[in-house]
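Listed here are the chains, written in short residue letters.
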Amino acid sequence: MTVTKGNEPGTELADQNLVTLTVDDVEVSVPEGTLVIRAAELIGVEIPRFCDHPLLAPVGACRQCLVDVPDAGNGRGFPKPQASCTLPVSPGMVVKTQVTSPVADKAQHGIMEFLLVNHPLDCPMCDKGGECPLQNQAMSHGQGETRFTEKKRTYPKPLAISSQILLDRERCILCARCTRFSEQIAGDPFIAMAERGALQQVAIYENEPFSSYFSGNTIQICPVGALTSSSYRFRSRPFDLVSTPAVAEHDACGAAIRVDHRRGKVVRRLSGDDPEVNEEWISDKDRFAFTYARQADRLTRPLVRDPETGALEPASWPAAFLAAARGLAAAAATSGVGVVTGGRLTTEDAYAYAKLARTVLGTNDIDFRARPQSAEEAEFLAHAVAGSGLGVTYRDLEEATKVVLVGLEPEDEAATIFLRLRKAWRTNGTQVVAVASHATRALEKVGGQLVRTIPGDEAKALGEAGLAPGTIVLLGERLARVEGAFTTALAAASRSGARLAWVPRRAGDRGAVEAGCLPNLLPGGRPVADAEARADLAAAWGVASLPGEPGRSTDDILAAALAGEIGALLVAGVEVDDLADPQAALDAVDAAGFVVSLEVRASAVTERADVVLPVAAVAEKAGSFVNWEGRRRPFEAVIPVPHALPDTRVLAGIAEAAGHDLGFRTPEAAAAELAEVGVWDGARAPKPEVVPGRAPRTDPSEVVLDTWRRLIDDGRGQDGDRHYQATARPSVALLSSATARAFGVREGEEIVLRTDRGAVAVPAGIADIADGVVWTPANSNGLSLLGILGAAYGAVVTVERSVPADEADALSGPPHPHVPTEEDEQ
Amino acid sequence: MSAAPLTPVLSRGWDHERSWTLDAYGDYAALRSALRQDPDEVIATVKDSGLRGRGGAGFPTGMKWGFIPQDPTQPGGDKPHYLVVNADESEPGTCKDIPLMMANPHVLVEGVAITCHAIRAKKAFIYVRGEVLHVIRRLQAAVEEAYAAGFLGADVFGSGIDVDVVVHAGAGAYICGEETALLDSLEGRRGQPRLRPPFPAVAGLYAAPTVINNVESIASVPCIVERGADWFASMGTEKSKGMTIYSLSGHVKQPGQYEAPLGITLRELLDMSGGMRDGSELKFWTPGGSSTPLLTAEHLDVPLDYEGVAGAGSMLGTKALQLFDQTTSVVRCVLRWTEFYKHESCGKCTPCREGTWWLVQTLERLEAGKGQEGDIELLLDQCDNILGRAFCALGDGATSPITSAIEHFRDEFEAGMHTPAWDLFPYEGSTAWAKPATDAAKGATA
Ligand SMILES: Cc1cc2nc3c(=O)[nH]c(=O)nc-3n(C[C@H](O)[C@H](O)[C@H](O)COP(=O)(O)O)c2cc1C
Ligand code: SF4
Ligand code: SF4
Ligand code: FES
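The listed protein sequences correspond, in order, to chains A and B.
Once you know that position 233 of the first sequence is 232 in numbering that gives the first Met the number 0, the rest is easy, because the numbers rise by one and skip nothing.
Once you know that position 383 of the second sequence is 382 in numbering that gives the first Met the number 0, the rest is easy, because the numbers rise by one and skip nothing.
It is worth saying that the hints were derived from the structure and are not from the lab.
If you're wondering where the values come from, they're calculated on a predicted model, not measured in any experiment.
One or more hints might be untrue.
Unchecked claim - Simulated restraints, written as ranges between beta carbons of each label pair:
#1 B:Gly273 <-> A:Pro69: 47 to 53 angstroms
#2 B:Tyr146 <-> A:Ser801: 54 to 60 angstroms
#3 B:Met62 <-> A:Pro69: 25 to 31 angstroms
Stated by the list, open to error - Some chain A residues well away from chain B (every beta-carbon gap over 10 angstroms; in silico):
#4 Gln294
#5 Leu389
#6 Thr392
#7 Leu449
#8 Ala490
#9 Glu701
Stated by the list, open to error - Below, in silico cross-link-like pairs of lysine to any residue (SDA-like), each with a Cα-Cα straight-line distance of 25 angstroms or less:
#10 A:Lys105 <-> B:Asp383
#11 B:Lys369 <-> A:Thr145
#12 A:Lys150 <-> B:Ala367
#13 A:Lys79 <-> B:Ala56
#14 B:Lys46 <-> B:Lys122
#15 B:Lys369 <-> A:Phe147
#16 A:Lys422 <-> B:Tyr205
#17 A:Lys151 <-> B:Asp380
#18 B:Lys46 <-> B:Met234
#19 A:Lys150 <-> B:Glu372
#20 A:Lys151 <-> B:His342
#21 A:Lys150 <-> B:Arg364
#22 A:Lys459 <-> A:Pro699
#23 B:Lys46 <-> B:Glu258
#24 A:Lys79 <-> B:Glu376
#25 A:Lys422 <-> B:Pro74
#26 A:Lys151 <-> B:Ile375
#27 A:Lys79 <-> B:Pro197
#28 A:Lys151 <-> B:Asp383
#29 A:Lys422 <-> B:Pro197
Where a beta carbon is used, it is the ideal one built from N, C-alpha and C, also for glycine.
Excised from the complex, chain B in its bound form (with noise of 0.2 angstroms):
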């Protein structure tokens, strides 16, 4: 099979010297003639290249500027307009969009411009994850680097327009990804999911109308203004436009982040990346970050695209490919997933706290070999109790990786009743670092 040619637009001067600067970027001419355009134009020209947003649910971007009152008898629209870049990534296995704003930061700033201007917004907020400090570094680097330039700021290219970008740090929350809970926490109070309606739209940041959107989604807007929504749309599949990057890690000889359009397979993406390592044969996968159902080797040939994988029972979500290997056991791994549910639920609704509580407790005794009967159809139970009933989709998400492993893996659960993983898949066999279970280690996860 031909590898489907790699598109590198967003990544596309990453391996340039300083790819970060200024210099190295350009002079922001998308937004030049952005401002040059009519707000609505800019809108319809999203909204006609197809992009969907990149932060994992898909949603179209151009519609969600559209939402934006405008008139100001609508409800909200007598307030300022807010965007805000949701640059939280926390999803297990999720790695594009601080690669993409370590070495490119620039692209983001100037689609964060260009969208100010389309959604007729003053300042923009982008909100980065409290832990990458180089990452926001980078970032304020940038956005001083724009103001300098006179790209940000008063009266930009002497369009009139004003745009203010604010860098924000997080605290280091998962939940904050979501975006209502990142707008609380942005207000600065605690980062839990607010009830919608009012959808951020009409009242979102402070109250006033507001776009919340993934840093890629942004990033990707000043190429659709640059080259046309037609050039955009050309790439891609039917209902899934555009590239993507998506980011490979595991038991994967090369792993990093892969620019390619959507719909490209799992086989062609490891062809490309050196497949898999040595000795290493494909087990199980997720194809954007750990709450989406797992898939296995049946679903290599499955189109990396939204109506694809979601076709295969799964979700494209952030286009996070963790492969793991046959030394894996898939008991241990969707535990640790579980474990880091447990440790994000923000605890504010019961089905989410109380559930992935319980769920750890469950799993890590089938992880010990202390298994009951019964253990299984209780997992199952648990997430179909959750799913569908707690308050934002993390808890949804949280049942994701149990109930797709018990679907394609039961027997590895059927042996968590009298065998510990650890004998089945010494950890030391699949990582480099893990150490072989001591008695001690058993104790404690029994």
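The following block holds chain A by itself, in its conformation from the complex (with noise of 0.2 angstroms):
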């Protein structure tokens, strides 16, 4: 729990205005400012609360936390019990608790007699029982025997206030924590109290769930058991679980979880509670998205394909590291093998990767960027990013003055830097901006201005931000697809003071770069151009050279494999439909002569590889992700599951198989010795020089692409949830309305968007949106748009006004999941 508002680390308490007051007879000092609640906290008195939530506002709505004040700190005290959870300390104050005072203690007694008149005391049926703040308080600050006798207030239970969260009634205490959490800390005012009295309840408006990506901390804070989450409602109890700290892997912002698994299964996560990075808010996603590996497609055996039948066989592990050992060695020999990882690999294991392409395979041909990507791009990541250490942090961003975000959408991307800017524009007044081609909700929820562009001239837009010292810059990965964006970004940043930060989008981005999984920078920021940086790695792993030729990018290994310039590939988990161009990457696939592929769970890849090594997931290993802060969040394997082995571990295999020793066999050891081959304290490769683009011209059939991945869409690690996948937003695609009327659409009606490679039908929406571009989600409601369309951010589509007939399922994916209504739970 966060104990006091300015006693961070780093901050000398000396520092600070402090008040001394008496708590229970003890002197304390605090900040000024401070609720008493937390100052007797700190003389470890813990003052039974249920309204009260560090980093919410107060309210004193529940009463529970009343003391005694004898001395206001001006000689006279208060004539009534004062709630400690809205009272500020004040220089000389007498506190008495329950500890000192019978009327506090009386009072305390007596409130939580009247929290239980209308409570249910269903615990041995309640989710919460075990871990409930009511439970436990009832015990240590209430009676044991109950004088009430007659009719408690009931409800129909449960209530579906989303398709994900349930809302029983009569269990609820009303101490309104989640309708300030949605209030104030999401900016989701979509549930609030309704009705009065005892019949006071949580409610939403009539037929509009609750629809918010931070629905489930609800759950969480709820302090009784009134709000549950279907997918985990009577699975568990609390004193069945066992509960491990680890770090979300859906984002780049290393959000602090906490899985609860039972019996080998992860059965729920929660937020964990880290001050400096996500507080003690997570995402839904980093909630309830963990059951996709545990999906029927889950890879458990290696297999390697039988060159008779031509079929995927099972193996043994030693038969499989032989086989991939075996083929990779002689494509190496030859013509090279290119090494494709992609984004959600923990820095250990990237490690893993970059060290053996080096070192067994002898190229510098990988590239973790399984997603557009630019040659400015890697530059950039060599100059400014690759082993810079922390850099901005969350902290900096609540107190800048001003945010500018390029090309980044943080609610759907970055969610826990969302609710940072939310917080530091209430809190601090910080300006945030976007430099995008419409404001957002989200823009909105974070006070945000919008600097209108359309996707390709945010280089020229950048100019308009009004960049100072004490603005920060954060870099979205979609202008890999920008010409001369980062180029731009830096020399406006170099000029005016401003800080940058790249936020990549996936939790292994960042540690793949100081890992070197790139064509231009091997580990800890050496750029592979450097003879000096290639020389100290060399030594450092005792090998007697490191290839010096810089490596392809992934659309250059790929394309280099469907020429036959490249023998083989070895491919970590990556979803083919998340590359520039999915059918081009499957015919290389298909046109290598010898793929390996390390995967949790089959795909186009794995169908397609020669030899398949199945690896842990996440929660399955240890290892540690860098945030976009360049934070390093290690965390420890959840459940060993025997089978699954880390990449590490895999790679190990192989090297070993093929006579190399690639130095380490664990995560463990591999951040070991990553650590011990440290950042490079040398020159830093230059900065990119690229002129900037232009957004493409269009005729006027065409129009410009504008486009994310939605936090809740299609992805895989998102799999297996339905209660979760319900709650995404459904499709759309925005146009502005001179766009819309020059197309002749209207708003509701179903548009097609066209490429040379195929079509998609969604929705249209009007909206303040640049002329010329349509805004529609990336991989949302079965409608990848890479996949599909073979078009990314920035890319030209022709708009057509009507769905032709024959076409109109095909296009359209399948009909959005409803909300639940209650008979769907019962």
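Dock the two chains into a complex; use the hints.
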């Protein structure tokens, strides 16, 4: 729990205005403005509480925290007990809690008794039983017997306030934590108190579900079992769970989570508490998207393609290692091997690939960017990101005067950043500016302003964002599709004194940069092109030399494989539909003479691979991510799964089978070696010099595509929880009214977006978006824009007004999952 | 005993032909003279008059106005100021603001304009209880007349001062009479009390400095401006100055509003109003609505001013004198009030929300003669756990009738252990409309 405001690491207590007061006869000094309830915590007195939450504004609603204040610091006492959660300390104040004041103690017992009047006391069947603040505090501050023998308030149960969140109103003690969270923290005030008196209840507006990417936090902070999730309800008891701290793997934020498992199966995830990173909040994706690793397509045994039958056949680990080693070594000796690692690896696993590529396969043809990429981006990463350590932090965002977002939509792509920006705006008045085609709801929720641009024109628009010292510019990975964006951002930052940070989408992206999974970068930020850096690393690795030829990017590796210039591919967890040209990628995999795939679940790549090596999912291994801040986020394995080896172990096995020693077999050893190899302290790679491009020109039938992935979408990491998936936002294609008029399209009508690859049909929405642009989600509702259209951010697509009847079913994807009704639940 | 004279000021013209029209009212002379004065001078006059808030708590009105930050460097000083008139009158028994606005709306509108000048507000809101549509219409008509006459709007009387008045209808919730809940309601939210600080004087309506006063408080301002602080202070008692409206209801011959100097006694008021009904004997009464502890016939000579009533262990409150005779079951009466508080509790805080829910059920038992050993102690302890523990004064008020009734009529509660209240005090005996309790009704209440 966050103890006191301002009492953060790095701030000396002595620097602050301290106030000295007496709590239960003990003198204590706390920063000015501290609430009495927290001052008491500092002397080890826990005042019972329900509505109080350190990250929410005080309300004083439950009245559980009453204390006696015989002296308010001015010689006069309060005649009545005071709510300690709303009362700031003052010098000389005397506070008597339940420990020393019979009045406070009786008041607290009285409130507790009242709270239980209308509470069902159905603890034996309640999810919260065993970890319930009401249950616990009723034991410590309540009486054993009830004097209430009359009728309790009852309600039909439960009420589905969204497909995922269920509300049992009779358990609710009306502390308003959930409603305040939604309003204050998430900015999604879609639940509110309705009715009054004992019939007051948490409610949604008629038929409007509690639609928030952060809804799950309300379950966690509910001090009773009134809020539960469809996916966890009645699944387990807290005392049967084993809890492990971990790090969320769905984005680059590095949110601290807690993973609870029971009999080898993860049953739920909660937010951890890390004041420097995600405080006590996580997105619903971080909370609910964890069943992906136990889907039917989970790979459990190594598979090797039978040369006779051409089918993948189960093999032993040694046989599979040998097969992989042989094929890779043969290719390495001739045409070479390309390594594509994706963004989901731990830093340790990424390091294993980086080292294997250089020392065993003898190539710099390695790239983690399993998505559209550019050479400018790689140069930017080498120049400004790799090996730069902790840069801009969440705390810096909170304290910044201005934060400029370019190519980044934090609520969808980096949810923890979104919450911190909202906090920054609300508490410090931080000005948020988005350089984008339109102002999203999320931008409104951070009080942001729009600098309007068309995808491709960001470099130009950046000039209008008003950078100054104290400004932070966050650059999203979409900028890899915008010529000159990184070059311009670097120049603008150095001119203005603004600071830059790169915010990738995937948890493993920044770690992969640090580990050297780039064609131009070795581990620790060593430029491939720098002979000294190579020599330094070769010495550390105990090898004579390292390949000096800069490698190829993902796109180039695949193109080379297609052209027969690369003989083999080593592919980590890569989804083909994430790549710039999925069809070309499949053709390349087909064309490559030999393919090794390390995967958790079967995929288009494993189907085509010659050797498939099943690897551990994140929860099954130790490791670390490096988040966008450059902060290392280590974690332990949550559940050991015997057949699931970390990539590191598998790569060590391949290396050994090829007659090499990778130098480590475990993530721990890999981490130790990476730390020892250290960060390059020589000259940094030069900065990119790319002339800014322009948005593509379109003819009257065309528009420029603006797109990103929504937080909750069809990503495979989110498979397996239908309640969660049903909370995804419905698809829409946003057009300006002028553009819509030009195409004769009305709000709600389906329009067809087409490229030479294919077409999708999406309902049109009219929005205040740049003319000549369409925004639609990249991978929602069964419509993968890359997979179907081969179109990424900034691409040109044609718009057709009506859906051809013969294509109607094929183009629209499955119907949007509906919000389950109460009947569905029962 | 000679009756103290009535002092009709606010109620002076109530019996005039079309008393609510501007023609009947006059030409806003007090406003005209106030606008010639410096705002601080007006505040000083109201301070000197000793006028105390008529909404229940008796807070000095001039002092409240003085809290509004006038210096732009003070917190809230750079924001517009607002006047909000509390016309939510919903306390059981209280019936003064509504008749006043019905019969003499212009005295309120004129008071609003003067107060706006004093506190430098350009805009005032009158928040009227939603159920009294007839009053809302009359007030709206009065405001319209005042605009038409140039007494409201831009540049009133050529003074360069602008005053705009909005009549706002509430939705009918007792809690919206609590001033901070009223502000939330006025802002379009659910009416629930706000955490203080910040106080409304610094951050009230739309987080701007706001004065909230009762209808009668504001309506008392024009006569103070017109006739002077000394004239006003010459009425009443040492610390409770001026005249005020007492509303009598219950088993009296002539219920209604009686305007008299503060400090008059119930005995005097009864003398003037023709006394209790024939055959009625005063059993208990509330001095200021149901939230003020009950008094009995013993207290007939208590001066009805803030100090006098407090000295008798109750509160002057809204001066709503509800009188009950010997036919009334105090248990039933207290239960009815408690049902009101249960129904009106806003639900924000635990003791009031859950306490009133429980109190009703305990009292229902006693009414039905099914009380259990210890129920009286239980009631007192429930009240002890509510009083001073709730978020706002509604919770405190809910306990007043119960604790005071037990104090004065404990035996009636004890009788509730075995005999239904309807047997002890047949309900048809105390009101004209109550039917004899049928078995079905008994079952329902029991
Ligand atoms: C539950 C509750 C209901 C109230 N209802 C009213 C009301 O209807 N009218 C009113 O003037 N004051 C009411 N008050 C008192 C107001 O909060 C406030 O004190 C008053 O409007 C201040 O005006 P005054 O200073 O002119 O008396 C109520 C208070 C509480 C706690
Ligand atoms: S649902 Fe839980 S968090 Fe929300 S008000 Fe009720 S008890 Fe509090
Ligand atoms: S005492 Fe509490 S529940 Fe009752 S009206 Fe006031 S705030 Fe609402
Ligand atoms: S914890 Fe203080 S009032 Fe609820």
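Hint check:
Under the hint 47 to 53 angstroms, the C-beta atoms of B:Gly273 and A:Pro69, about 51 angstroms apart, fit the expected range. The hint said 54 to 60 angstroms for the Cβ distance between B:Tyr146 and A:Ser801, and at roughly 56 angstroms that hint holds. Judged by the Cβ atoms, the range 25 to 31 angstroms given for B:Met62 and A:Pro69 holds: they are separated by roughly 27 angstroms. Every CB of chain B is more than 10 angstroms from the CB of A:Gln294 (nearest about 45 angstroms), matching its label as outside the interface.
With a least beta-carbon separation of about 38 angstroms from chain B, A:Leu389 lies farther than 10 angstroms from that chain, consistent with its non-interface assignment. Against the 10 angstroms criterion, A:Thr392 stays outside the reach of chain B, whose nearest CB is about 32 angstroms from its own CB. Every C-beta of chain B lies more than 10 angstroms from that of A:Leu449, the closest at about 27 angstroms, which supports listing it as non-interface. The beta carbon of A:Ala490 is kept farther than 10 angstroms from every beta carbon of chain B, the shortest such distance being approximately 41 angstroms.
The beta carbon of A:Glu701 is kept farther than 10 angstroms from every beta carbon of chain B, the shortest such distance being approximately 45 angstroms. With a C-alpha separation of about 10 angstroms, the suggested pairing of A:Lys105 with B:Asp383 holds against the 25 angstroms cut-off. A distance of roughly 19 angstroms separates the Cα atoms of B:Lys369 and A:Thr145; the hinted pair therefore holds under the 25 angstroms criterion. A hinted pair counts as satisfied when its Cα atoms are at most 25 angstroms apart, and A:Lys150 with B:Ala367 qualifies at roughly 16 angstroms.
Taken as a hint, the A:Lys79 and B:Ala56 pair is honoured in the structure, with Cα atoms around 17 angstroms apart against an allowance of 25 angstroms. Straight-line distance between C-alpha atoms of B:Lys46 and B:Lys122 comes to about 22 angstroms, which keeps the hinted pair within the 25 angstroms bound. Taking the CA atoms of B:Lys369 and A:Phe147, the gap is near 15 angstroms; set against the 25 angstroms cutoff, the hint holds. The suggested pairing of A:Lys422 with B:Tyr205 holds, with an alpha-carbon distance near 22 angstroms, which does not exceed 25 angstroms.
About 20 angstroms separates the Cα atoms of A:Lys151 and B:Asp380, which keeps this hinted pair within 25 angstroms; it holds. Restraint check for B:Lys46 and B:Met234: satisfied, since their Cα atoms lie roughly 15 angstroms apart, inside the 25 angstroms limit. Straight-line distance between C-alpha atoms of A:Lys150 and B:Glu372 comes to about 19 angstroms, which keeps the hinted pair within the 25 angstroms bound. Straight-line distance between C-alpha atoms of A:Lys151 and B:His342 comes to about 16 angstroms, which keeps the hinted pair within the 25 angstroms bound.
The suggested pairing of A:Lys150 with B:Arg364 holds, with an alpha-carbon distance near 12 angstroms, which does not exceed 25 angstroms. Restraint check: the Cα-Cα separation between A:Lys459 and A:Pro699 comes to about 24 angstroms, which is no more than 25 angstroms; the hinted pair holds. Proposed proximity of B:Lys46 and B:Glu258 is supported: the alpha carbons are some 21 angstroms apart, at most 25 angstroms. At roughly 21 angstroms between alpha-carbon atoms, A:Lys79 and B:Glu376 fall within 25 angstroms of each other, so this suggested pair holds.
Simply put, A:Lys422 and B:Pro74 have alpha-carbon atoms about 23 angstroms apart, close enough for the 25 angstroms limit, and the pair holds. Restraint check for A:Lys151 and B:Ile375: the C-alpha separation of about 21 angstroms stays at or below 25 angstroms, so the hint holds. The suggested pairing of A:Lys79 with B:Pro197 holds, with an alpha-carbon distance near 19 angstroms, which does not exceed 25 angstroms. Simply put, A:Lys151 and B:Asp383 have alpha-carbon atoms about 22 angstroms apart, close enough for the 25 angstroms limit, and the pair holds.
Taking the CA atoms of A:Lys422 and B:Pro197, the gap is near 21 angstroms; set against the 25 angstroms cutoff, the hint holds.
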